[in-house]
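> Sequence:
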Amino acid sequence: MLPSRHRLRESSEFRAASRGPRAAGRLMVVHLKTTDADHPARVGFVVSKAVGNAVVRNRTKRRLRALMTRHVDAVPSGALLVVRARPAAARAQFDELATEASALLTKVTRRRGGDRPRAAGDGR
1 MLPSRHRLRE SSEFRAASRG PRAAGRLMVV HLKTTDADHP ARVGFVVSKA
51 VGNAVVRNRT KRRLRALMTR HVDAVPSGAL LVVRARPAAA RAQFDELATE
101 ASALLTKVTR RRGGDRPRAA GDGR
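Per the working numbering: the sequence shown = residues 1 to 124.
By construction, these hints were calculated from the structure, which means they are not laboratory data.
Here the structure is a predicted model, which is why all the values come from computation and not from measurement.
Even for Gly, the Cβ is constructed at its ideal location relative to N, Cα and C.
Check each hint, because a few of them may be wrong.
[As the list claims (entries may be wrong)] Dumping the calculated SDA-like pairs for lysine to any residue here, alpha-carbon to alpha-carbon at most 20 Å: (1) 61 x 4; (2) 61 x 13; (3) 61 x 51; (4) 107 x 51; (5) 107 x 4; (6) 49 x 24; (7) 107 x 73; (8) 61 x 8; (9) 49 x 39; (10) 107 x 49.
[Said to hold, decoys possible] Now the in silico label distances, taken between C-beta atoms and shown as ranges: (11) 7 x 102: 31 to 41 Å; (12) 96 x 50: 17 to 27 Å; (13) 111 x 55: 17 to 27 Å; (14) 38 x 58: 26 to 36 Å; (15) 36 x 95: 16 to 26 Å; (16) 4 x 76: 16 to 26 Å; (17) 48 x 94: 30 to 40 Å; (18) 66 x 107: 15 to 25 Å; (19) 93 x 10: 12 to 22 Å; (20) 73 x 99: 10 to 20 Å.
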């Protein structure tokens with residue numbers, strides 16, 4: 001279980017994390033926002049109705065929480081991390097979720113220096 005000190009709960013923190021660099025895969029999208037705050041890394045989960053009914057969404061969220069328990073120490077201190085499940089995550093095997101989560105965390109932590117201004121003409 002993910003300790004409560006590592007949980008993201010405030011909607012403002014979810015919005016702040018979505019402004020940081022992101023990495024996307026077939027099963028999930030990971031957003032990371034580094035801050036200067038003096039707190040442990042915090043993780044939040046977004047599992048929409050597109051993933052499935054309440055039972056499927058809650059099972060998916062529990063599986064993602066278990067994965068992030070393994071990886072939260074690799075996230076920089078003070079960071080806000082949001083993991084958004086895609087519909088395919090509900091049907092994926094746990095090993096497949098673990099492999100993609102690890103790869104996406106590696107990719108997004110490398111990009112975290114990417115909190116830079118966008119280039120002119122970048123319409124995103």
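> Could you tell me which of the numbered hints above are not met by this structure, giving the numbers in increasing order?
4, 5, 9, 10, 11, 13, 15, 17 and 19
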